[in-house]
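Trainee: As you go down the protein sequences, you meet chains A and B in turn. Under the numbering used here, the first sequence has 23 at position 23, and the numbering climbs by one with no breaks. Under the numbering used here, the second sequence has 176 at position 176, and the numbering climbs by one with no breaks.
Since the hints were made in silico from the structure, they are not lab data. Computed from a predicted model, the values in this text were never measured in an experiment. Among these hints, one or two may not hold up.
Straight-line C-alpha distance at most 25 angstroms; calculated SDA-like pairs for lysine to any residue [unchecked claim]:
id, chain 1, residue 1, chain 2, residue 2
1, B, 30, A, 52
2, A, 37, B, 114
3, B, 37, A, 174
4, A, 37, B, 200
5, A, 30, B, 195
6, B, 37, A, 28
7, A, 56, B, 152
8, A, 195, A, 174
9, B, 37, A, 57
10, B, 195, B, 175
11, B, 30, A, 195
12, B, 30, A, 92
13, A, 37, B, 59
14, B, 30, A, 59
15, A, 30, A, 19
16, A, 37, B, 195
17, B, 37, A, 120
18, A, 56, A, 37
19, A, 56, A, 44
2 protein chains.
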Amino acid sequence: MAKQSAGTEIERLISLLARLPGLGHRSARKAALTLIKRRSDLLEPLAAALNEAAAKIITCGTCGNIDTVNPCTICSDPRRDQTLIVVVEEIADLWALERAGVVTSLYHVLGGHLSPLDGIGPEQLSIGDLVERAAPPVTEVLLALNATVEGQSTAHYLTEQLQGHGVRVTRLAHGVPIGGELDYLDEGTLAAAIKSRRTL
Amino acid sequence: MAKQSAGTEIERLISLLARLPGLGHRSARKAALTLIKRRSDLLEPLAAALNEAAAKIITCGTCGNIDTVNPCTICSDPRRDQTLIVVVEEIADLWALERAGVVTSLYHVLGGHLSPLDGIGPEQLSIGDLVERAAPPVTEVLLALNATVEGQSTAHYLTEQLQGHGVRVTRLAHGVPIGGELDYLDEGTLAAAIKSRRTL
């Protein structure tokens, strides 16, 4: 930025905000102005919430979720099905499944997907921990990875690693999403939907 | 949100981030996760920058700009033309003009535009201060307001208020923006561009 009238403090705030996903430099400027205008009801609470998050939020040593306790509230909930582990790439995926309320068992967050070009191999993901967890009482590992090339090749690698551990390895179904229009779907999805067709 | 696994701390962080312009609830969740993942190089510096902004940034008592000093560095810069005041609606507009480097005089930030439906009358804007400043050595007040209905009705009101104060009241030129294609411009802009045409 060429000139800025509010000095280095606000430039620094803007450049940090611009590093958040979803905020470009222009929206970071707007966000900074909004924060400064609404000091007591937005800027100060946000600073406090960030400090509190830094102080309290920790990663669950078992599943990789974030929480204020370790193990996290999901891992330590005895009402959850202890025989099924749902494997996701990112914490955001875990949250999406929790919001949908469709999983009543345990999770395992890999921390991403295999991506040799980006230097992300099995050691960079929590694959060893998953293989260790794949023991009684666990009987099934559901690979809820993204239906992308990287997600699917990661699923392939995990399937190999989990062989011989006495657990069933499953994946999510592919098909037409609810509300989806055939006209807008790709060939791969249509092929999967036809291959896995069900009798009515 | 139905269920969230990281407790109230992260829910609070997400709901505060979601109040920033440009971030919806979904992108606020992604931003919160990014912050927590990158604790030392993003979360903690952002918290510090917010605290510093809250402690140091003040509004200029003369023009309404924000800065760490009062009067701000623009108002107290003797090299700036003291005879012209450029009136803008918001601080972001002042920044845009400063970035463009096209103003070498003083500013006055109104704090918005007249909007009776939203309860924003002349008292809610810094119009009284502007009228007070419209005295020698000031000889011209340039109304650099948005070319919207609200901006233009505010300009009309300001023109009336500034009458009899011995200052010339001017506005920005309307016309085809540089790089603009006629095909994409509205009637009003085209009409203004034709009416104010220049001899080559």
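Trainee: Each hint: holds or not?
Mentor: Each hint tested on the structure:
1. 30/B with 52/A: Holds, at about 18 angstroms.
2. 37/A with 114/B: holds, 18 angstroms
3. 37/B with 174/A: Judged against 25 angstroms, a Cα distance of about 30 angstroms means the pair is violated.
4. 37/A with 200/B: violated, 46 angstroms
5. 30/A with 195/B: violated, 35 angstroms
6. 37/B with 28/A: holds, 20 angstroms
7. 56/A with 152/B: violated, 50 angstroms
8. 195/A with 174/A: holds, 10 angstroms
9. 37/B with 57/A: holds, 10 angstroms
10. 195/B with 175/B: Holds: residue 195/B and residue 175/B sit about 9 angstroms apart, inside 25 angstroms.
11. 30/B with 195/A: violated, 35 angstroms
12. 30/B with 92/A: holds, 7 angstroms
13. 37/A with 59/B: Status holds; Cα separation ~9 angstroms.
14. 30/B with 59/A: This hinted pair holds, its Cα atoms lying about 16 angstroms apart.
15. 30/A with 19/A: holds, 14 angstroms
16. 37/A with 195/B: Roughly 40 angstroms between the alpha carbons, so the hint for residue 37/A and residue 195/B is violated.
17. 37/B with 120/A: Judged against 25 angstroms, a Cα distance of about 16 angstroms means the pair holds.
18. 56/A with 37/A: Not satisfied, since the Cα-Cα distance of roughly 28 angstroms exceeds 25 angstroms.
19. 56/A with 44/A: Roughly 18 angstroms between the alpha carbons, so the hint for residue 56/A and residue 44/A holds.
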